[in-house]
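The chain contents come next:
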Amino acid sequence: LGYLPHTSEDVGRMLAALGLDDVEELFGPIPAGLRAPDDLELPRAHAEQEVAAELGRLAGRNRNLDELCCFLGAGVYDHYVPACVWYLAGRGEFATSYTPYQPEMSQGVLQALFEYQTLISELTGLEVSNASLYDGASAVAEAAGMATAATGRSEVLVSGAVAPRVRQLLETYGRGLDIKLGEVGALGGHTDLEQLAGLAGEQTAAVLLAQPNFLGVVEDVAAAARIAHDVGARLLVSFDPLAAGLLEPPGRQGADVVVGEGQALGGHPNFGGPAFGFLACRATDVRRLPGRLVGETVDATGRRGFVLTLQAREQHIRRERATSNICTNQTLNAIAAAVYLGWLGPRGLEELGARCLRLARYAAERLQAVPGVRLAFPAQPFWREFVVRLPADPATVCRRLVDHGLLAGLPLGGLYPGLADGLLVAVTERRSKADIDHLADAMAAVLADLEGSGEPRRGAPDGGEGAR
Amino acid sequence: MSGSGFETVPWAAGSPGPPERLIFERSAPGRRASSLADPDAEGLPQVDPGRVLPAWARRSGPVRLPEVSERDLVRHYTRLAHRNWSVDLGFYPLGSCTMKYNPKVAEVAAGLPGFARLHPAQPDEQTQGALELLGRLEHALCELTGLAAVSFQPAAGAHGELCGLLIIRAWHQARGDPRRRVLIPDAAHGTNPASVRLAGFQTTTVASGPDGLVDLSSLEAALGDDVAALMITNPNTLGLFERNIAQVAELVHGVGGQLYYDGANFNAILGKARPGDMGFDVVHLNLHKTFATPHGGGGPGAGPLVVASHLADFRPAPVVVRDPGGSGGRAGSPPAEPRWRWDADRPRSIGRVHGWNGNFGILVRAFAYLLANGGDGLRHVAEGAVLNANYLLERLQPVYQLGYPTRPVMHEFVLSARRQKQLGARALDVAKGLIDRGFHPPTVYFPLIVEEALMVEPTETESLQTLDAFADAMLELAAQAETDAHRLHQAPTSAPVGRLDEARAARQLVVRWHPPPQPGQAGTDPTDQGPPDKPTS
Chain A
1 LGYLPHTSED
11 VGRMLAALGL
21 DDVEELFGPI
31 PAGLRAPDDL
41 ELPRAHAEQE
51 VAAELGRLAG
61 RNRNLDELCC
71 FLGAGVYDHY
81 VPACVWYLAG
91 RGEFATSYTP
101 YQPEMSQGVL
111 QALFEYQTLI
121 SELTGLEVSN
131 ASLYDGASAV
141 AEAAGMATAA
151 TGRSEVLVSG
161 AVAPRVRQLL
171 ETYGRGLDIK
181 LGEVGALGGH
191 TDLEQLAGLA
201 GEQTAAVLLA
211 QPNFLGVVED
221 VAAAARIAHD
231 VGARLLVSFD
241 PLAAGLLEPP
251 GRQGADVVVG
261 EGQALGGHPN
271 FGGPAFGFLA
281 CRATDVRRLP
291 GRLVGETVDA
301 TGRRGFVLTL
311 QAREQHIRRE
321 RATSNICTNQ
331 TLNAIAAAVY
341 LGWLGPRGLE
351 ELGARCLRLA
361 RYAAERLQAV
371 PGVRLAFPAQ
381 PFWREFVVRL
391 PADPATVCRR
401 LVDHGLLAGL
411 PLGGLYPGLA
421 DGLLVAVTER
431 RSKADIDHLA
441 DAMAAVLADL
451 EGSGEPRRGA
461 PDGGEGAR
Chain B
1 MSGSGFETVP
11 WAAGSPGPPE
21 RLIFERSAPG
31 RRASSLADPD
41 AEGLPQVDPG
51 RVLPAWARRS
61 GPVRLPEVSE
71 RDLVRHYTRL
81 AHRNWSVDLG
91 FYPLGSCTMK
101 YNPKVAEVAA
111 GLPGFARLHP
121 AQPDEQTQGA
131 LELLGRLEHA
141 LCELTGLAAV
151 SFQPAAGAHG
161 ELCGLLIIRA
171 WHQARGDPRR
181 RVLIPDAAHG
191 TNPASVRLAG
201 FQTTTVASGP
211 DGLVDLSSLE
221 AALGDDVAAL
231 MITNPNTLGL
241 FERNIAQVAE
251 LVHGVGGQLY
261 YDGANFNAIL
271 GKARPGDMGF
281 DVVHLNLHKT
291 FATPHGGGGP
301 GAGPLVVASH
311 LADFRPAPVV
321 VRDPGGSGGR
331 AGSPPAEPRW
341 RWDADRPRSI
351 GRVHGWNGNF
361 GILVRAFAYL
371 LANGGDGLRH
381 VAEGAVLNAN
391 YLLERLQPVY
401 QLGYPTRPVM
411 HEFVLSARRQ
421 KQLGARALDV
431 AKGLIDRGFH
441 PPTVYFPLIV
451 EEALMVEPTE
461 TESLQTLDAF
471 ADAMLELAAQ
481 AETDAHRLHQ
491 APTSAPVGRL
501 DEARAARQLV
511 VRWHPPPQPG
521 QAGTDPTDQG
531 PPDKPTS
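Same order as they appear, the protein sequences are chains A and B. If you count the first sequence from 1, position 183 lands on 183 in my numbering, and the numbers rise without skipping. If you count the second sequence from 1, position 371 lands on 371 in my numbering, and the numbers rise without skipping.
In case anyone wonders, no lab produced these hints; they're calculated from the structure. Cβ atoms here follow ideal geometry from the backbone N, Cα and C, with glycine treated the same way. It is possible that part of the hints are untrue.
Stated by the list, open to error - What follows is a set of in silico ranges between Cβ atoms, one per label pair, in the way DEER data are often shown:
no.	chain 1	residue 1	chain 2	residue 2	range
1	A	Leu20	B	Leu448	25 to 33 Å
2	B	Pro347	A	Gln49	44 to 52 Å
3	B	Gly256	A	Glu25	37 to 45 Å
4	B	Pro347	A	Asp22	33 to 41 Å
5	B	Gly256	A	Arg321	22 to 30 Å
6	A	Glu9	B	Val321	47 to 55 Å
7	A	Asp449	B	Ser69	35 to 43 Å
All chains should be built: construct the whole structure from the sequences, respecting the hints.
Here it is in structure tokens:
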């Protein structure tokens, strides 16, 4: 078999050196009663061309974003991935290396991560970034853990406009970390800061919001920071890093920990993973930082080099007193993000932000002009994503629009009690004016058709699933 | 030296070259790589960000990304790549890390648009191929572990540990019998106790016996009706199979505890023995180890969790299910095809540990590896891994002491450099000396119960020639320790940098690049108003 190199002669020599007749003798320590049965239901061995064909067949049974025009976002976005990103990040020297425990042999990965940390620090406006976490959602939980440890308090107030998936994860992690979650309403599309001010108190370890939030609305981070800091709590912000082209990095508006999902930075959607999470904090919190951290140093001759540092925070040294249990993270995706940000450059970042804004504004205008469709939060600022209310069940409308080659967005039924008729629409730079015109025209046609066929005008009532 | 030469890639063969500048130091104002389509060409209406975004939200200063050309980017990262060791380049015998060869067919498969360009919120009818892949992978992982159901959400081994412990916690609570303690052998991976704390439990450490195996009397002494679980690696981190595992399981189950299998060392028993048959209730697998997906310089991995049937309801939601097909369609319509879907209606679920459904792209690679090997091939993988480890140990043990005397080992072994230490060369010096001989060092100073530990895991994909060349290098280093231990303190001399001052890195913490203070210099933005990383409020 291709991946096993030994010839039968090699095996003979090795067994002879061990004084054995059969490899099976090496499995002697496994009691006979614990040997696996011979008849496991596993595939037969496949030749490489058969593997490629079968994986190709399975891939072909999916309808990918090259086939459907994607206005679906909700945390994973269809941005253009430049050719150089995975050409470079996918190189075997990066892809087939381990966590850089031996720094002299791992300067490539270590330097790339040091540069990544700098880039995240710039995008978030905070001094210290770690070397990546699993994803944006688990990064939120790590940040919440940092805040409760730092303050000795247990309550985290979470905006209702933080993604429902993230809130679910926080609830799961919170049970282990003994975090008490409180919810702050977001009925107007943005976090209700008045309610937040009423809820926040000396029991509050942290306040969490998203920028822009799950509903696409730009939040007033500085105002939330003042409320949090007034009661001695930390402000945690889940930030879309590509928004930094237009929006002020939350760290410059008072956020103490900024986390987020890195998929938009050069990552393919990958059916949800791998992407990566990032986490940045103030220098004063560096010893509470979860995960790997790369630092600069020198060798004996004074040459600059990079190493994993402050490892005394980590599980392999501190064990049960570690700041986190994370070991393997998402390094390769972080390196890809660094390549992407190098490709983009400061002007590219700004242009991309402006381009998404311009397309999203146009899409909002065009959709609003469709009879019965209206913006859910017309007075609120948004960047790349927004909610429209439809005069028919959004899930039904989306299903019909697939016949027009469109992924129209995420139906919000079941996620928000007041938005059963809501559709979350994202517009990246990959969409053209013509795509948006097609979406609006097809939406109008589908809605007219549904009305003609006597479908109910409003979305079905909420099942309540996931709604809070 | 026998067998060396073509299998080794010493950096000493050439100069490692000058250090590569930081990407920021390559920056020149006005240079760029990116090109974006021109919106004006499409007649898209103008939008002034200043009018539609409130002033309080708008960016006030520059984001100092590097300004470089595409050629700069390619040269920079190519040069960084040349300063990095990898399995593609040479031998990487890190114990407990299973750095085996990563098949390229799996890389190509994961990059297919049908997988890479799939959005996780697409409706199930658009993702049947992906769901089928997950369903079939789940079945295979259940067969290999002897357990009942899988969660694909955990993105890595430690993530799987946390998920598994939260499931165990929920199970005890559902029985009205909440528990407090988790037992862990002293040889365990550091992630185990760290995960225990995150899951809201306390750790009790169980000592290993003189044979390197869990000491049954220590275990019995530690057990009690407040014990939620025992977490254990088998083979353990000494590379030894826990022969008493059936008794261990009986003891733990006897007090109502659960048995957790840390799958970091599953490569040794793939297709040969199954955790479920040993009595384990929960297993995480490190697919980036056992299933040959590339480790990515520290991730992404995949740490799917496999559980026994009594725990299946507690898995994170959603899970993949298959609705059987059949002839139940309307009259005249063809029989319904079986259909895969995400099932989110899981009232006993612990919730969610990943924003979506785990590292799907890694699962695609693992599935490709499963198909390529097949059931018989996987058994040969385990046999090759164990044969290689025992052969290498046989060559090294005349000179290096085995940490614990028990043999045969399984897929890895732990040597102690205590003899060399007495001569003035520590495990670290041996490790750095290996770098100059063209090998990545083994894991050092782990497990903690072996003094001056050198933990070696050759994996099944290395040839006899490589193993011999590595053994020769290790023996040379031992000989050098006898005659001139001091010189080993200078190693490595042929790597891109010499031995780095890690204490300084921690003391004088520099974790990001800062632009030089002079305005106008390459790499600075002339509009820079000073370090933006000072909080403004």
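Hints, verified against the model:
no.: 1; hint: A:Leu20 x B:Leu448: 25 to 33 Å; in the structure: holds, 32 Å
no.: 2; hint: B:Pro347 x A:Gln49: 44 to 52 Å; in the structure: holds, 45 Å
no.: 3; hint: B:Gly256 x A:Glu25: 37 to 45 Å; in the structure: holds, 38 Å
no.: 4; hint: B:Pro347 x A:Asp22: 33 to 41 Å; in the structure: violated, 51 Å
no.: 5; hint: B:Gly256 x A:Arg321: 22 to 30 Å; in the structure: holds, 28 Å
no.: 6; hint: A:Glu9 x B:Val321: 47 to 55 Å; in the structure: holds, 49 Å
no.: 7; hint: A:Asp449 x B:Ser69: 35 to 43 Å; in the structure: violated, 51 Å
The structure is inconsistent with the numbered hints 4 and 7, although it conforms to all the rest.
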